[in-house]
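Mind assembling these two chains? They're in different frames, but the hints should get you there.
Chains U and G, in that order, are what the protein sequence lines are.
If you use the numbering used here, the first sequence corresponds to residues 1 to 115, in order.
If you use the numbering used here, the second sequence corresponds to residues 1 to 115, in order.
I should point out that these hints are in silico values taken from the structure, not numbers from a laboratory.
Bear in mind that the values here come from a model prediction, so they are computed numbers and not experimental data.
A couple of the hints might just be wrong.
[Unchecked claim] Only part of the chain U face toward chain G is listed, based on derived beta-carbon distances under 8 Å: (1) Leu41; (2) Leu43; (3) Pro108.
For glycine and all other residues, C-beta sits at the position ideal for the given N, C-alpha and C.
Here are the chains, one letter per residue:
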Amino acid sequence: DVKVTQSSRYLVKRTGEKVFLECVQDMDHENMFWYRQDPGLGLRLIYFSYDVKMKEKGDIPEGYSVSREKKERFSLILESASTNQTSMYLCASSETSGGPGKTQYFGPGTRLLVL
Amino acid sequence: GNSVTQMEGPVTLSEEAFLTINCTYTATGYPSLFWYVQYPGEGLQLLLKATKADDKGSNKGFEATYRKETTSFHLEKGSVQVSDSAVYFCALSDRGSSNTGKLIFGQGTTLQVKP
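So that you can see chain G by itself, here it is in the shape it has in the complex (with noise of 0.2 Å):
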């Protein structure tokens, strides 16, 4: 079946460090690909996303490119701040959920920035 995996947290930096969050995924066709943030006592919210292979998803300074060659979407920033301290979610919509936008969810990636 379907499933997303992504690296174990927490993930520790300091303020203006390089973010790299690996998220791998096993899905048969083309999936759309999404990373989710929640901030502390917050529901998630939508990051960014990319709906087809070559795709580079961005947003408030992050990004990720939907490789299908490796089946990967690690997200990216260039200079993390204190605000981005949360947990982020990668996740898969099958081609066969379409319709009712079901998600798959990657188990979550605390990332906490020290200033």
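Here chain U stands alone, though its shape is the one from the complex (with noise of 0.2 Å):
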């Protein structure tokens, strides 16, 4: 069965912090993807990889920062946490081949509570 994990279901940080939010999946996926989930604005791409060491902005990077050092691993950095980036924090995968229509599979989320 496919398989995305992430490092924690709950964390609670302090404004000024430095946050890693780690991310495996075990489908040998070339594409890797953050998102944040907020009410009433769905899911917005923070950033994604399409291979290892490699990295594309997506529609809101800024405060953010990511790291893919292995296929399988997907980190997400908060440089320095502040209030406006507690959020449910959602990673993804998917594979490159196959044509149109790529399904991207979900680990369970993050929820980050900043104080």
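Given below as structure tokens:
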């Protein structure tokens, strides 16, 4: 079975802290994504990666960075956490081959509270 | 730019009622269209998809037809169950994103089914 795991389900951090969110997939997928989910706004793409060490900004990259040193792992970094980064963070992966209509597989999400 | 618009929620129905969740999109060319579902406390999972005009996606009693002329992909189910209570997201992937699988999501529609 396809699996995407995220390192924490819930996190509480203080303003100014550096925060690491980890995501691991076991499907050998090339593409990985980080979204944040906020009520009434749906999912918004923060960053995505299409290969090891390759990344592209999504729609809301400000205040975030990412790292992909291995194919199966994609990390989201909040350099200096702020209260407006309190949100649900979702990781996903998809393959490159197979034509249009690729399915994204999601992790369970990390609910982050920044105090 | 590309966008997806869903009907506002929450939608509250009694068990065995008919469900429609409206979704319209704006995109150039011929995008692929998706419905994802998020059950309480979980990440998103693919419910169904369609990759070309007039295709019908179906799964678990849910259906949606890709209507190019009305740029719509409305989700329907003939008889909902309490277990269908979840948040439903409409999404599109344009042809330019066919390798990366990047998705653009609507804002989500919460469905609550009462016994």
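Here is what the structure says about each hint:
| no. | hint | in the structure |
| --- | --- | --- |
| 1 | Leu41 | holds (6 Å) |
| 2 | Leu43 | holds (4 Å) |
| 3 | Pro108 | holds (5 Å) |
In summary, the structure agrees with every hint in the numbered list given earlier.
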